[in-house]
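Each chain, written out:
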Amino acid sequence: MTPKSGDRFSDKMMVETTTARQRISRGFDMKKILTSLALLALVLAGTAAATTGAIAQEEAHNEAAPTHFPIHEPKEMDWSFAGPFGTYDKAQLQRGLKVYKEVCAACHSMKLVAFRTLEDLGYSEAQVKALAAEYTINDGPNDAGDMFDRPGIPSDYFPAPFPNDQAAAAANGGAAPPDMSLLAKARGVERGFPRFVFDIFTQYAQGGPDYIHSLLTGYDEQPPAGMEIPEGTHYNPYFIAGVSLKMPNPLSDDQVTYDDGAPQTVDQYSRDVSAFLMWAAEPHLEARKKTGFRVLVFLLLFGALVYLTKRKVWAGVAH
Amino acid sequence: MSEGHSTYTPKTGIGRWFDARMPLPRLVYDSFVAYPVPRNLNYAYTFGGILALMLAAQMLTGIVLAMHYAADSTLAFDSVEKIMRDVNSGWLLRYMHSNGASFFFVAVYIHIFRGLYYGSYKAPRELLWILGCIIYLLMMATGFMGYVLPWGQMSFWGATVITGFFSAIPLVGDWIQQLLLGGYAVDNPTLNRFFSLHYLLPFMIAGVVVLHIWALHVVGQSNPTGIEVKSKTDTVAFTPYATIKDAFGMLVFLFIFAYFVFYLPNFLGHPDNYVVADPLKTPAHIVPEWYFLPFYAILRAITFNIGPINSKLGGVLAMFGSIAMLFLVPWLDTSKVRSAVYRPWYKLFFWLFVIDAVLLGWLGSQPAEGSYVFMAQMATLFYFAFFLVALPVLGLIETPRRLPNSITEAVLEKNKHGGGGHPAHAAAAPETKG
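Here the protein sequences line up with chains A and F, keeping their order. Take 6 as the starting number for the first sequence in my numbering and just add one per residue. Take 40 as the starting number for the second sequence in my numbering and just add one per residue.
Everything labelled a hint here was simulated from the structure, so no lab data went into it. Backbone N, C-alpha and C fix where the C-beta goes; we use that ideal spot for every residue, glycine too. Treat the hints with care, as some may be off.
[To be verified] Label-pair distances were calculated between CB atoms; the ranges are:
| hint | chain 1 | residue 1 | chain 2 | residue 2 | range |
| --- | --- | --- | --- | --- | --- |
| 1 | A | R200 | F | G222 | 40 to 46 Å |
| 2 | F | D117 | A | R196 | 27 to 33 Å |
| 3 | A | A172 | F | I394 | 49 to 55 Å |
| 4 | A | F90 | F | I394 | 35 to 41 Å |
| 5 | A | L45 | F | P383 | 16 to 22 Å |
| 6 | A | P228 | F | H324 | 22 to 28 Å |
| 7 | F | G221 | A | A172 | 29 to 35 Å |
[Said to hold, decoys possible] Taking lysine-lysine and the DSSO-like style, the derived pairs with C-alpha atoms no more than 27 Å apart in a straight line are:
| hint | chain 1 | residue 1 | chain 2 | residue 2 |
| --- | --- | --- | --- | --- |
| 8 | F | K320 | A | K251 |
| 9 | A | K134 | F | K121 |
| 10 | F | K320 | A | K116 |
| 11 | A | K317 | F | K455 |
| 12 | A | K106 | F | K121 |
| 13 | F | K121 | A | K95 |
| 14 | F | K455 | A | K315 |
| 15 | F | K271 | A | K295 |
| 16 | F | K121 | F | K271 |
| 17 | A | K80 | A | K95 |
| 18 | A | K251 | A | K106 |
With the rest of the complex left out, here is chain A (with noise of 0.2 Å):
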């Protein structure tokens, strides 16, 4: 940055223009090289769009054999959690509640839940100790160095249903329920380009709950003539990872009790259970969106503050 190495610079430059104009018949011939590697890039661009189309049109012309899950992809549904302001609908949480633990739970863990945190559902600290006492938690060991049962308090997490992953598996024709404690966060189909663009602005982030959604209200659909069902599964075109998995259908109309009027179907009962799996996945979510809120707000306020003061220090000075 001294003076010196400046001059020297455009020295140089200049004993160079006189070197370049003599190179100019040589460098043709790489002018050339660098047109076509330009128009290689072009090209590439263009066929990526185009093969994106033909892998597209490749699928479905193979309906009774798909080689991309799901077939279907999951249906967008209204959810209160979504957007910048979305909160919890309580009294869905407690329907998806009743729900997990009338259907699912006689599967499917949620071993990361703890019965202190079902507050946040709306229920009384009594409430809590209630439904806690319901289970029976094995324990110990005691003074005397046996197990124990006794049953559950609120810091206790819900027990699961089998003693470990190979009795579920045992049980469940091979493959173990998955817990459900993450599970709105851990399924999600990609979405691709150029919908996950988009998807940072409409702050889509529901991808789990719509996947188990539509999961749930899918097994009625009967797959294409021609298509071969592994014995043992059952065919749902949402599912990620295949034509089938095996869990059966596991709901049915009027199957869970609802107390506070809601209608009685499969289709509510998926939504409500997965409203609450996207609440058991993520507790603090309505704390974040609100945080997170209030921090934009004050970034906005804040930069413009600091814009304001970088146009008036600058104010004198060409840049």
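We have chain A already, so just place chain F on it with the hints.
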């Protein structure tokens, strides 16, 4: 600046006492207050400051997270969930840290592309550039090891795939791989050493950052014209001019960062990483974090053997080679003119290179099958051609636009043509130079 005479005069008795014994305040004053910066720096030049901020934020959140994290393969996943559920503001710390890594890379990529565009690597800034490349390498290692710590499916299988690269190296490959893993497969020893290194490397980054800034303060900042500072009118004082501009740049960056942390915290992650690592269950598509995708695409593009080099080793060589290219840039570029502003052909190739890098990133996220492979091969070819053909050849055959005589001249010229005017106008009307 090194040759600048310090203008620091301590005002208080304590200040004078300190200055005579250890002139730290003088160093800070000379480096961050009086330090002259070119007056024409645009917002692309604020990313150095943004990166320093992100490094500090990552270290602070990381230190607190480490207080709650358990580096044991049976506990790691649940301990992260404990942070998310039970630690006060744990979800915030963890989302800031995981998204912070992504935004650290967003910033570093803009910083690197800015350097490529304005020729910031050219003499006398080669060492400054190479120190930056070393920081980038350390960042990649840190980011990769950090992604393993939550011990989800992608953590585990990403680690398996990436450490597998090393086994392709002849003779010592297996030994290096076993050293990295602490065994024959990714397991508890891997997690333990990755955690240790993930904690160590950021401090090494901070050390190289000090060298990077030191080198910067010796040679001075480059600027959009690529012309060296020649007189005092070419520069302004770091404070308040650069400080306030950097502050505004940081706030805009933080706004976007916060948008992701609070509204889309899992957008840049993979759902599979919310499934605990299972060595018996391979995910359908193993993809690394988004910031490694271009290199992943290059790795998988080599599907053919080249003489004695099999496709696996070829892929690894291509991948490491693609990073090595960055180190060679100061010597690959033969142009006497620094800035792409005055190099019409280079400017075109620069933007094609940006498109190519983004395309490679997208290809890296797609399965390596069908026409994706051919596209990745072509994109890889262009990647290397940019460095090995375009950079050296363009400098020899390109006729650059006329350069202004000084930064001040360029600035006045630009302002005369209506503020936001393109510097190219300067070349179009050389007789009106101010």
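Tested hints:
{"no.": "1", "hint": "A/R200 / F/G222: 40 to 46 Å", "in the structure": "holds, 41 Å"}
{"no.": "2", "hint": "F/D117 / A/R196: 27 to 33 Å", "in the structure": "holds, 29 Å"}
{"no.": "3", "hint": "A/A172 / F/I394: 49 to 55 Å", "in the structure": "holds, 54 Å"}
{"no.": "4", "hint": "A/F90 / F/I394: 35 to 41 Å", "in the structure": "holds, 37 Å"}
{"no.": "5", "hint": "A/L45 / F/P383: 16 to 22 Å", "in the structure": "holds, 19 Å"}
{"no.": "6", "hint": "A/P228 / F/H324: 22 to 28 Å", "in the structure": "holds, 25 Å"}
{"no.": "7", "hint": "F/G221 / A/A172: 29 to 35 Å", "in the structure": "holds, 32 Å"}
{"no.": "8", "hint": "F/K320 / A/K251", "in the structure": "holds, 16 Å"}
{"no.": "9", "hint": "A/K134 / F/K121", "in the structure": "holds, 22 Å"}
{"no.": "10", "hint": "F/K320 / A/K116", "in the structure": "holds, 21 Å"}
{"no.": "11", "hint": "A/K317 / F/K455", "in the structure": "holds, 20 Å"}
{"no.": "12", "hint": "A/K106 / F/K121", "in the structure": "holds, 23 Å"}
{"no.": "13", "hint": "F/K121 / A/K95", "in the structure": "holds, 23 Å"}
{"no.": "14", "hint": "F/K455 / A/K315", "in the structure": "holds, 22 Å"}
{"no.": "15", "hint": "F/K271 / A/K295", "in the structure": "violated, 49 Å"}
{"no.": "16", "hint": "F/K121 / F/K271", "in the structure": "violated, 57 Å"}
{"no.": "17", "hint": "A/K80 / A/K95", "in the structure": "holds, 23 Å"}
{"no.": "18", "hint": "A/K251 / A/K106", "in the structure": "holds, 20 Å"}
In summary, the numbered hints that this structure violates are 15 and 16.
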